[in-house]
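Enquirer: Given next are the chains, with one letter for each unit.
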Amino acid sequence: MITKRFGSVFYARIMSQYGAGTDAADFPTVHVLTDNDSKYLFGCAGVGLPIIVFLLILAVSGGSTVFTVILSLVGIVFAAVLISSARELQKWGPTEVHFSQWPLQLGSTTPARVVRVAKRAVPNSSFDAEVELECEEWVRYTVGTDTRTDERTVYEHESNVAGELVNNRFEAVINIHIPANVGAPTIDLPNNKVKWTLEIDVDKLSPAISGSADFDLVVAAELDPLLRNIQDSPRGDLS
Amino acid sequence: MNYDPNLSIEIEHDIAEVGGSFVCTVRRSPTDGETNAKTVGQVRAVQIALVMTTEGRGDVDSERIGENSLPVDEYGMADGVVNLAVPTDAPVSYDGALIRVVYRIEARTDIRLGRDQQSSAEVLVVPVGGAGVYRSAHPLP
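Same order as they appear, the protein sequences are chains W and Z. In terms of my numbering, the first sequence opens at residue 1 and continues consecutively. In terms of my numbering, the second sequence opens at residue 1001 and continues consecutively.
Derived by calculation from the structure, the hints in this document are not laboratory data. Beta carbons are placed, not taken as given, at the ideal position from N, Cα and C, and that holds for glycine. Possibly wrong hints are sitting among the right ones.
DEER-style ranges, computed between Cβ atoms [unchecked claim]:
(1) Thr145/W / Arg1044/Z: 35 to 43 Å
(2) Pro123/W / Thr1088/Z: 47 to 55 Å
(3) Asp1116/Z / Pro179/W: 55 to 63 Å
(4) Val1081/Z / Asp26/W: 25 to 33 Å
(5) Arg1135/Z / Arg148/W: 55 to 63 Å
(6) Ala79/W / Ser1021/Z: 56 to 64 Å
(7) Asp26/W / Pro1141/Z: 55 to 63 Å
(8) Glu1122/Z / Arg152/W: 49 to 57 Å
(9) Pro28/W / Thr1088/Z: 19 to 27 Å
(10) Gly1080/Z / Thr145/W: 44 to 52 Å
(11) Thr1088/Z / Arg152/W: 51 to 59 Å
(12) Asn168/W / His1013/Z: 51 to 59 Å
According to the in silico footprint, chain Z covers these stretches of chain W (three or more CB under 8 Å from chain Z) [claimed, not checked]:
(13) 140-150
(14) 180-192
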């Protein structure tokens, strides 16, 4: 994880990029999120498969046909997950998102770079990546002795961005816009939460790079300076 | 909730940014029954706090933030200015689909061997930079 702070100089640079429309890839990274789903799946399947095999041996030796069939099917699924995640780990490093601002602000548009590095040589090419930003309210409530949860998506935005696979490195620049008129800053209370997630999917258009990655974003309770009413604000010096 | 007509809260600005604070004047005058010799010293203090509560579908999450205590005289009279800070990681006032986050300033009289009484006033906690922009809970219209 990289964490650097550039303060107002950094912000001035970002603002000038919007205005002048210069190369969006040229921005500093202040925070990196890494997706480790493949490692997680590999670990789960790696632990689960021996257990399933052990149970399968017991079922076969016990002569239980029903359990043998069920455990065989579960074992096949675990093996498939193990093989596909192992192949994924051999071929590609984790998907990373390099943010030019962190945490994100309400009403802001933040350029970010999606990066995935190949571990083996792959031909150069261009791809589109599908990016989905979602804000969700999550609640937990009790009914009698049951505990239940409910979720509601309050904001959803999909977009496609062009990416390049050059020198074994896939890279795409995305602009993440956090609206101020819908959703809320991240809330993390025991029974009430507001979560922001970013899903990046590049496998639909390309057989060379596969997999989707989910990232939990942090949206701060802070308005983008462009939305602040400096004159009316008693804390107008914040900009 | 009991409302104490003898306990008043005056808030300088009823909107504060996350990381900011509410400045309020709290006054308590003794009730008719508190001025005789038997009840002298019965009111121990007036406690003031910023209270965050969730409403809506989920179970209630509630927190008393920055509790302050105002001294009272022997007849239960109190008059003072209290500063209640809003932590930088506090959720903002929010009016969502399943969740509402509401804030209120609550003043409570601590009465010995008696039922505590309280008064409260609803306030707004808004994002940093939003004090001049918000008129109601997030999100912006």
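Enquirer: All hints, please: hold or fail.
Expert: Hint by hint, here is what the structure shows:
1. Range check, Thr145/W to Arg1044/Z: about 40 Å between beta-carbon atoms, so the 35 to 43 Å window is met.
2. In this structure, Pro123/W and Thr1088/Z meet the distance hint of 47 to 55 Å, their C-beta atoms being roughly 49 Å apart.
3. A beta carbon spacing of about 43 Å between Asp1116/Z and Pro179/W contradicts the range 55 to 63 Å that was offered as a hint.
4. Distance hint for Val1081/Z and Asp26/W: a CB-CB separation of about 51 Å, inconsistent with the stated range 25 to 33 Å.
5. As the Cβ distance of Arg1135/Z to Arg148/W is approximately 35 Å, the hint placing it in 55 to 63 Å is violated.
6. The hinted window of 56 to 64 Å between Ala79/W and Ser1021/Z holds, with their beta carbons roughly 59 Å apart.
7. At roughly 36 Å, the beta-carbon separation of Asp26/W and Pro1141/Z lies outside the given 55 to 63 Å, and the hint is violated.
8. A hinted range of 49 to 57 Å for the beta carbons of Glu1122/Z and Arg152/W is inconsistent with their spacing of about 25 Å.
9. Taken as a hint, the range 19 to 27 Å holds for the pair Pro28/W and Thr1088/Z, whose Cβ atoms sit roughly 24 Å apart.
10. For Gly1080/Z and Thr145/W, the hinted distance range of 44 to 52 Å is satisfied, since their beta carbons lie about 46 Å from each other.
11. For the pair Thr1088/Z and Arg152/W, the supplied restraint of 51 to 59 Å is violated, since their beta-carbon distance comes to about 27 Å.
12. Under the hint 51 to 59 Å, the C-beta atoms of Asn168/W and His1013/Z, about 57 Å apart, fit the expected range.
13. Check on the region 140-150 of chain W: 4 of its residues sit with their Cβ under 8 Å from a Cβ of chain Z, so the three-residue criterion for coverage holds.
14. Counting residues of the region 180-192 of chain W whose CB lies closer than 8 Å to any CB of chain Z gives 11, which reaches the minimum of 3, so the coverage claim holds.
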